[in-house]
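Note that our numbering gives residue 34 to position 34 of the sequence shown, counting from 1, and the numbers run on in steps of one.
Read the hints as simulated data drawn from the structure, not as lab findings.
None of these values were measured; they are calculated from a predicted model.
Hints are not guaranteed to be accurate.
[Claimed, not checked] What follows is a list of derived Cβ distance ranges for each label pair: (1) 19 <-> 91: 33 to 39 angstroms; (2) 83 <-> 18: 41 to 47 angstroms; (3) 18 <-> 62: 27 to 33 angstroms; (4) 41 <-> 71: 27 to 33 angstroms; (5) 82 <-> 62: 36 to 42 angstroms; (6) 87 <-> 20: 28 to 34 angstroms; (7) 90 <-> 67: 17 to 23 angstroms; (8) 85 <-> 22: 19 to 25 angstroms; (9) 18 <-> 87: 14 to 20 angstroms; (10) 33 <-> 70: 22 to 28 angstroms; (11) 60 <-> 81: 21 to 27 angstroms; (12) 88 <-> 30: 15 to 21 angstroms; (13) 19 <-> 42: 32 to 38 angstroms; (14) 65 <-> 26: 25 to 31 angstroms.
Beta carbons are placed, not taken as given, at the ideal position from N, Cα and C, and that holds for glycine.
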Amino acid sequence: MLASLLSALVGCASDVEEPRVHIAFGRDFEGYRDWLVFDRGEDPVPPSHQGRSVIYVDALPEPGARRFDVGTRIVRVERVGDDPRGWEVHAM
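Given these sequences and hints, build the entire structure.
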């Protein structure tokens with residue numbers, strides 16, 4: 001699984017002269033609720049994203065940039081089902 005993740009990360013940076021890989025750990029996402037927040041509301045994207053979601057980003061790219069910098073931390077919190085405790089958190 002780690003090999004798949006690493007190849008995906010390197011693939012995302014394929015148009016950069018020297019691809020870099022940044023591996024984030026759980027501790028890197030502490031305090032994410034204090035980052036920039038974007039409420040996406042109800043935005044279903046089947047089959048994986050089905051409910052209300054909020055995106056947290058630690059930094060935005062420079063104006064005019066076409067991608068986020070390597071190492072940018074992004075967290076997506078998504079409501080799953082009708083259970084008020086049913087939230088999924090995805091971080092990268």
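Evaluation of the provided hints:
no. : hint                          : in the structure
1   : 19 <-> 91: 33 to 39 angstroms : 21 angstroms, violated
2   : 83 <-> 18: 41 to 47 angstroms : 46 angstroms, holds
3   : 18 <-> 62: 27 to 33 angstroms : 19 angstroms, violated
4   : 41 <-> 71: 27 to 33 angstroms : 28 angstroms, holds
5   : 82 <-> 62: 36 to 42 angstroms : 41 angstroms, holds
6   : 87 <-> 20: 28 to 34 angstroms : 31 angstroms, holds
7   : 90 <-> 67: 17 to 23 angstroms : 19 angstroms, holds
8   : 85 <-> 22: 19 to 25 angstroms : 32 angstroms, violated
9   : 18 <-> 87: 14 to 20 angstroms : 38 angstroms, violated
10  : 33 <-> 70: 22 to 28 angstroms : 23 angstroms, holds
11  : 60 <-> 81: 21 to 27 angstroms : 31 angstroms, violated
12  : 88 <-> 30: 15 to 21 angstroms : 18 angstroms, holds
13  : 19 <-> 42: 32 to 38 angstroms : 36 angstroms, holds
14  : 65 <-> 26: 25 to 31 angstroms : 27 angstroms, holds
In this structure, the hints that do not hold are numbers 1, 3, 8, 9, 11, in rising order.
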